[in-house]
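Colleague: Position chain P against the provided structure of chain R, taking the given hints into account.
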Amino acid sequence: MNEASVNSMTAVAQTDSQQASAGADCRFQSSIDALRRTLNSTLRGKDDVVELVLACLLARGHLLIEDLPGLGKTTLAKALAHAVGGCFARVQCTPDLLPSDITGFNMFNQKTREFEFNEGPVFSDVLLADEINRATPRTQSALFEAMAERQVTIDKVCHKLPETFFVIATQNPVDSHGAYPLPEAQLDRFAMKLSIGYPDRVSELQMLADDVGAGETNSQPGAAVLTPDALRHLQQHVATVHVAESIQSYLVDLAKATREHRDVLLGLSPRGLLTWQRLAQAEAHLRGRDFVTPDDVQHVAAPVLQVRLSGDFESPQHVIEKVLDQISVPVLSN
Amino acid sequence: MAANTFVQRATWLMVSLATVTLQGALWSGQAEPWLSIVRLAAVGVVVVIGGWLLKDSRAERLISVSAASFLLGLFLLPAVTEPFSRLLLGRGNPWEILLVCSLRNIMLGLAALRHTTCQRLASVASFFVVLFAFLLDFSWLTALLCASYLVVGMWWLIGTYWEKVQGKMPQTTRRELPKRASLVAVGTVFGLVCLASLFVGRGAASRSLAGFMPSSGGNQRSGNYAWSGVGDGDQLVAAKDDAMSFGPVESDVFLDSDMSSLYDMFDEAYGGPIKPGTTERAIALALQDRPNRNGRMAVSTVGSRDFSTIRKKTQARKRELEDRESKALFYVVGRTPLHLSLDALDTFDGATWTSSDTKRFISNIELETIHDEPWIRLRSPSHSLFTEDFEPHALKIVNLKTRSIPSPPHLSRVHIDKVDRVDFFAWNDKGILEMSGRKQIPRLTVIQLRSLRIKQNAVRDLGDFTRKLPPVETPLPKDPSQWTARERLAHDIAPYRVVPPDTGSLADELGQTWTRNVPRGWPQVEVIVDHLRTGYVHDPQANAPDDCTDVVEHFLTAGRGPDYMFATSAAVMLRKLGYPTRLATGFYVRPDRYDRLARQTPVLGEDVHVWAEVCIDGKHWIPIEPTPGYEPPSEAQSWTQWAATVVASLFSWVRDHWLFIGLGLSVVVVSLIWRRAFLDCIASGTWRLLGRGSAENRIRWTIWLIDRRAHLAGNPRPRRTTLAQWYSRAGQSQSAPTQATIRSFIDATERVLYGENHPLEAVWRLCELAASRFDRRLFRDFTTGQP
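Residue numbers (the numbering used here), protein chains in the order written: chain R, -2 to 331; chain P, 46 to 832.
Bear in mind the hints are in silico, worked out from the structure with no lab data behind them.
One or more of the hints may lead you astray.
[What the hints assert, rightly or not] What follows is a list of derived Cβ distance ranges for each label pair:
(1) P:L237 <-> R:E257: 37 to 43 Å
(2) P:L195 <-> R:S312: 39 to 45 Å
(3) P:I82 <-> R:L262: 53 to 59 Å
(4) P:L195 <-> R:F310: 34 to 40 Å
(5) R:P170 <-> P:Q777: 36 to 42 Å
(6) P:W719 <-> R:P170: 54 to 60 Å
[As the list claims (entries may be wrong)] Listed next, the stretches of chain P that the computed footprint assigns to chain R, with coverage defined by at least 3 CB atoms under 8 Å from CB atoms of chain R:
(7) 740 to 752
(8) 766 to 780
[Claimed, not checked] In silico negatives: residues of chain P with every beta carbon more than 10 Å from chain R:
(9) E141
(10) S401
(11) R533
(12) R561
(13) F696
(14) T731
Backbone N, C-alpha and C fix where the C-beta goes; we use that ideal spot for every residue, glycine too.
Extracted from the complex, chain R is given alone in its bound form (with noise of 0.2 Å):
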């Protein structure tokens, strides 16, 4: 088969492919790619990180960063909750912070004689939790209600939380004084865990040449690139991604193999598998398809189980890939 015969062919199958492939919608597409790109503007070097940021955000899932001081957490979170043209809230957690300084209170208004609802943070778009390993259980449990049920309840009555509420909660993996380690359930209710680290060479010059001058200026947010209304419904469209029965059998295999393993004490949790799969849908709309990948769910893998195994092991990467290594992945079962 000469080159030209191959040439043609080629041609005719990319354009047959490329039109059978109309898996982003494009009317989401611009958005998603301007989102991606103000991320990336924001967070050098980290164009990975910050694609599992956006599948964790498209995915409506909250994300624990578990990082060192000063590489850009609450950068991150406050260029996202601009993007996506929300109000941003931030708590630094500490162990005086009481529930109510999270979820709100009620206080007494002496004019009106009624009792007046004073929004907590919880009431905000994307929320950044710094240090929560250093609040109090009590406290934690009160932003965790938050977090699963996108409501808080004061005083009996139960106030909605917006839909696309999103929590990025920090903890310092160094600084253990003081701290109160989140517990198993609490993790599980985190979609994923990631780590920035700290940027490449590159990345930190060029950094610091646009600080040069910078002044006060840059530090003023950007314009939205979504409205929470679009991201509602981005969010949305991003649940209807196609999951074959293969890839669903693949992901109760992984899962199975996580509880199997003879150093994991707490597997995968059926509300992990759920997330993993949103996480898998997310990624494989971000790559353009409509129809979710072995690669996605690989891809997503590590982040999901790292917040949630937990066992007789120094680090949940090495249990990760054995476990991957372990399962076939589904090629030409259905």
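Modeller: Using the frame of chain R, we list chain P on its own:
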């Protein structure tokens, strides 16, 4: 879930052991197992190809349609081929054997499928296969294989379930009587005992289990291909057909009228002797020299015993249907081939062998008791020529009309149940043991024999043993009672050294030529025998002319003849060289008649045979076999001799089948070298054949084809590597258009496998491109690495 490597390997080991054990049990004693070998090889080929073609389907699902079809085909294979075997080859197996062969095939098929459950099912099936083999054959080899299987099985169990056992090991233990378990165990055993006593009763279990193996000869029916039965057959004649059974059984089949004498059998096999009518010169006697005619002339009732080498031609008998099974004269249990002598002849006149009336002492006959059983001892292995151990045989006399006991060479001990009297036995003049005072050995007599085994190397090392014999012209005193031992020896062996006076010179010339530069002694005997075996053709129909007076001259000139001519020529040539030789007649127990079911060899009328024997010291006669097609008598061999014999046999077999072996080896070598190309062709052909229909089907088969090629290139796709990762990596070294093609193919495959909207018709061309680009060389040229 695919089985891990350990389970797969352990399963294959168990399956292999089970197959070997079963085949060993099925082939036990079989003279021609080639059909079974061909069948097993065919099954093996089917299993390997099927397992390779189904490689992917086995990893994800338990049983796919194709895998189920594969197993079903294997199961039905023995039943499908059985009618052809019976019809065309006349060989078959009972249905129970076919079923176990089907089970064996299923076992192999399941082992070829890598799913964990299939592996475990294969292991379970292997257990039943081994169990059946053990019940079929109780030999030491089968027992050894079963023991090996058990060891491997335990290892498999521990390895497979270790993690579960480990996880469930108790942290603490508490001493407590397991009441429930004890109750269940006791109850089960009690129930089984009651059940057994109900069915078995006081009779033997075998009789009670009526029809246990219905098509193998139960008590209801019989079958041509049955192996054995339970209960009675058509006739209560088990004693007749089984050499190891003993006891008179009344039945009208036991008639004397159909028993042949030995001479009847010789006439039937070789043709009746031609007694040339001769007119002899006579001299008239004077009246006073005439015998007293009034006296009664003594009539010799003992007929002269001779063997003529001038015989009529026999016609090849048309075998009628009722002649399909000849009646056995007797049965032999023990090693074959075997020369059993019934008569020995010493005097040859050029055409006819006769026996002289020389009375000889052979040895004392004594009684001894071995394990509370009476044995007749004839000779002891005191001579350095013999090994210390005995070779056992058993004979069951059925239709043989003689009182001579068919004797293997160097018969040492004889046992007949309950016969503890020495005077029942005697040596006849020919040195053959017989039952004295009887006309014939009673029918259905079982005779146990123990014979010595000669060390052929020791015989060869004797050198010229004729030097120790007294000279031919040894003068003898007239009174035999005054003979010395040496004079007696000279007398005894004199007839065996007499060379026929009118024999031609060809025997002499050839004897001298063949033995030139060969040291005297047994090497010369072997040379004569070898030349006759290799240079002459055994032709039972090539009789000597009626008027022939020198059979040896005729035979050596013609170059072909029946076995008695070979034996006669060997005897004459050896006598001319000075070796005492005699002609032995009897039976040749043929190995190819071995009945593996009954583990015995029937001896028929047509098994009569003639050979020669050489005396080395006046007492010991060593048989020689100059006729090609008959195996020489066995000798006790050292390990090196045995190995040399094996190598020589192998070399001879290779030489005789060089063309077949050469072709076969060429095919094997070419197949091995080009195996990947052949398998690639098979895979491509399968892709073209089965990858039709929908675009979806096309893509699936294209993926399968590419995976097969990666496997053939020694670079199979790792389990966790997705198609996108694999194909992208494979195409990294390709040109940009090819990479674009690969990208499009990846998109199309992902859409087919995981998407809802399936690709358009363009995928056909895409698959063609992918199939042409993803060849074995592509996968061979890149390393796996991490995804």
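Colleague: Quick check: which numbered hints come out false for this structure?
Modeller: none
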